[in-house]
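Peer 1: Below are the chains, spelled out letter by letter.
There are 2 protein chains.
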Amino acid sequence: MIELLPNHLGGQWTTGGGPGSVLRDPVLGTALVRVDASGLDLAGGFAFARHAGAGALRALTYRQRGELLAAIVKVLQAHRDAYYEIACRNSGTVRNDSAIDIDGAIYTLSTYAKLGAGLGERPLLVDGDAVRLGKDESFQAQHIQVPTRGLALFINAFNFPSWGLWEKAAPALLSGVPVVVKPATATAWLAQRMVKDVVDAGILPAGALSIVCGSAEGLLEALQPFDVVSFTGSAATAERIRAHSNVVRQSIRVNIEADSVNAALLLPGETAGDAALDLLAKEVAREMTVKSGQKCTAIRRVLVPEGLYDAAAGAIRARLAKVVVGNPRHDSVRMGSLVSETQRAAVRDGMAYLQAQAHVLHDGSRHELVDADPAVACCVGPTLFGTRDPDGADRVHDTEVFGPVATLVPYRDMAHALALARRGQGSLVASLYGSDTRALAAAAAELADSHGRVHVISPDVAASQTGHGNVMPQSLHGGPGRAGGGEELGGLRALNFYHRRAVVQAAPAILAALTPAA
Amino acid sequence: MIELLPNHLGGQWTTGGGPGSVLRDPVLGTALVRVDASGLDLAGGFAFARHAGAGALRALTYRQRGELLAAIVKVLQAHRDAYYEIACRNSGTVRNDSAIDIDGAIYTLSTYAKLGAGLGERPLLVDGDAVRLGKDESFQAQHIQVPTRGLALFINAFNFPSWGLWEKAAPALLSGVPVVVKPATATAWLAQRMVKDVVDAGILPAGALSIVCGSAEGLLEALQPFDVVSFTGSAATAERIRAHSNVVRQSIRVNIEADSVNAALLLPGETAGDAALDLLAKEVAREMTVKSGQKCTAIRRVLVPEGLYDAAAGAIRARLAKVVVGNPRHDSVRMGSLVSETQRAAVRDGMAYLQAQAHVLHDGSRHELVDADPAVACCVGPTLFGTRDPDGADRVHDTEVFGPVATLVPYRDMAHALALARRGQGSLVASLYGSDTRALAAAAAELADSHGRVHVISPDVAASQTGHGNVMPQSLHGGPGRAGGGEELGGLRALNFYHRRAVVQAAPAILAALTPAA
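The listed protein sequences correspond, in order, to chains A and B.
Heads up, the first sequence is in my numbering, so the first residue is 1 and it goes up one at a time.
Heads up, the second sequence is in my numbering, so the first residue is 1 and it goes up one at a time.
Be careful, since some hints might not be right.
For identical chains, the list gives no copy identity; a pair is met inside one copy or between any two copies.
List time: in silico BS3-like cross-link candidates among lysine-lysine, alpha-carbon distance up to 27 Å [as the list claims (entries may be wrong)]:
#, residue 1, residue 2
1, 74, 196
2, 322, 135
3, 135, 74
4, 322, 282
5, 135, 282
6, 114, 282
7, 114, 135
8, 114, 74
Bear in mind the hints are in silico, worked out from the structure with no lab data behind them.
The task is simple: from the sequences and hints, build the whole structure.
Peer 2: The structure is reproduced here in structure tokens:
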């Protein structure tokens, strides 16, 4: 019988009471482990997190909680090889792609550990200066932020089992808020192993970190008013969470990261021989193929001036043609597989849906798989679509195909380009390519209302730019509208979600006693 | 036929096509005006606001939009007498109570006008410093805030037709976001008249300020992804808004201000002869009677040490006994009426519900009405309940009776007092009374997670404190949990709701071009 991974809840390891779901190797098709959450005492486990876990975390200062994060970093680094092994087997990713998930998590944790050290011994966060409320200074208002007295429930996506956990857990734990993570079933193994290693190392107070693997059933019902829930995944599931009767009734704070049809935009004024076009082609090819395009931040639409449509198509095609697809264990392979048969079917369906309004510029099915059986392995070659009807092809702007797929879209002028970018109805990220500083700045300002992040690649940052799709802990991650309206990371801004802002109106001596470290 | 007030939508005045609802004088019972929103072109009107209104507002700088607010202040000041007249007739309020609504609005607008002047000519808001994203400084991240490209829909409560409009409209307009207000029907007259005066004065661009009076039907369906909606009212309606299919599907940003069972807490260590007890009694009596207790911030629970229960009851009772109730037009009257027969019935029902778990310490029905017919006027005398079973009397902690009603609750020790305050499940405000600086600061920090505002009244601020229930524009207004989880005001913090935060990652020269005023 395949190993059944235990859940960690209420400070204890507990296996589910049902047969569970089998996690598979998406390249070889073999069964790996099982997960199950049947019969868990969610109410009891959540109460333990809220009282024991949160109480112990809140008794620490920000500096001390930052030290906990630094200790987690050490544990994860010590087990790094095991995580790469699990990622390869369960996610079908090549080493470079696993690194985004694993080393990206470690880097994010390290960043928040340092931010914790910077916050020091203060018992709460001061928000701005005190302001007088009358004619003299005898009565003033001081805003503060204090940790919410609940737990943070993370319902996470399958594409980042490691980073998706730790990029949320780092600010939550630093804030003094205990974490319960429900990883996506298909790739839950890595998250479970990491939690197990951290729990076994005895770093965190009991109840500070819990994991429930398997069905999400009952999790939302177990939430209480001061809990928060952070979801990453499809817009359809996001709608169900947001409208859930318990969530709505209790005013439970919700953060959503959902679908996003991100754009890359080559500004007008560049020619086929300029560096900007080459930088665009390089970034598009990279974003299409990293993690087989299974990133919510990946480029889905490539907007170029009409006159550069063919040149852009050629440049991207040339790069895609070199991508070797197949078994991630093979040295020559640059792109592994999708995470599951379900995803492979969804990507194929999505491609057929797009193709009804587009033509194929680079056909991914022509890529021969290296060291992988096409009948078994969930590998899909990179496909570039193109359309000559940017306004009429609505599917291009509305459809996120979560795989190595993008569409080239020509535009007439800058106003048209911006309007097309906005057809995404709110996205996580747009990237801009060009060499005109003022034009790039103006375009970034124009897109800031509908994009959580605008990533500008000018020739002078070709070597130092951090990548369209890479989420840096220093920067906001999230987007309005169909991207879910959420906010994550952005340095200390991430702590806002796990704190409650309040204002204290009082005599100055009382405000001084409230914020001794300020 | 009674006058039918027109709506202002799509830059035009339009009367509804139905018979409408009649607004009444709650003291005399007479019909005043009618409102109706039947057959309005909401989609067209909203589109006009989003394009014409928002476009014109966004073309201005923050300083210029601040000047628009200053111009609105002048118009409202010029028509102040008419507003007091309408408030008296439609809300049944005495002059001091009308002032909170009318002059409170003008003060709030003035505050945001000054904040606009302080923001100056900048085209967008800079959020923090640029941070480097690599080893050198060649590629950096700068967070910014830009106005959301949608409209702000306000669905407002009956108790503050003026302040409720302008405390939201001031930060929205300053942010460059057009406003559509749907005032509560019972008291819509004052909001409609104010909007009419401002529109007639030609201050704002067409489409920047719209008003729909009557039913809210169709308003939420007409919203689009970058719109925001701000609701003040009951928790039941708040649930419907939050879970509304269009709101959920489009990730529309929602701010909710709902029920709140606010507490006043006399700290341990005071005696019957101390100033703190007298300050508590004075504040409780004032909060119970101002606007006949129809304030979401009013004191509903009065927590006192067990040993001071009788002294507190006596002190509050003595103040309530002096309150003269009746026709607000009469010079001797200090407390007018509730806004409607519906509210009178709801308050009476709520009092009966509370009384099943409490006893009467001061009986409001003993107050004889001055110059008002008890069979017609919606006047209700102030009633103080008491309970000797603070833990068992759950209705006291769960029930907001929206009238001149509060309950005295004894506690054993400070931990018990804090636990009882939290039984409100998240409130807008708690006030603390005492003379020990450190104890007051500690209690404020303890309550900050479950209260949007903690108002501390020590003897030294007896003259300068701004009042438990008064919402100052400098201070956050909102509370977690059952209070709705919203945030309003708090100075510039109010602009966050009407902006989208984004990060621009680029070369320093591009970031410099993005934020020339920074």
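Peer 1: Each hint needs a verdict: does it hold in this structure or not?
Peer 2: Evaluated hints:
no.: 1; hint: 74 x 196; verdict: within (14 Å within a copy, 65 Å between copies)
no.: 2; hint: 322 x 135; verdict: neither (72 Å within a copy, 31 Å between copies)
no.: 3; hint: 135 x 74; verdict: between (54 Å within a copy, 22 Å between copies)
no.: 4; hint: 322 x 282; verdict: within (12 Å within a copy, 80 Å between copies)
no.: 5; hint: 135 x 282; verdict: between (61 Å within a copy, 22 Å between copies)
no.: 6; hint: 114 x 282; verdict: neither (33 Å within a copy, 49 Å between copies)
no.: 7; hint: 114 x 135; verdict: between (41 Å within a copy, 16 Å between copies)
no.: 8; hint: 114 x 74; verdict: within (14 Å within a copy, 51 Å between copies)
Against the hints set out earlier in the document, violations occur for numbers 2, 6.
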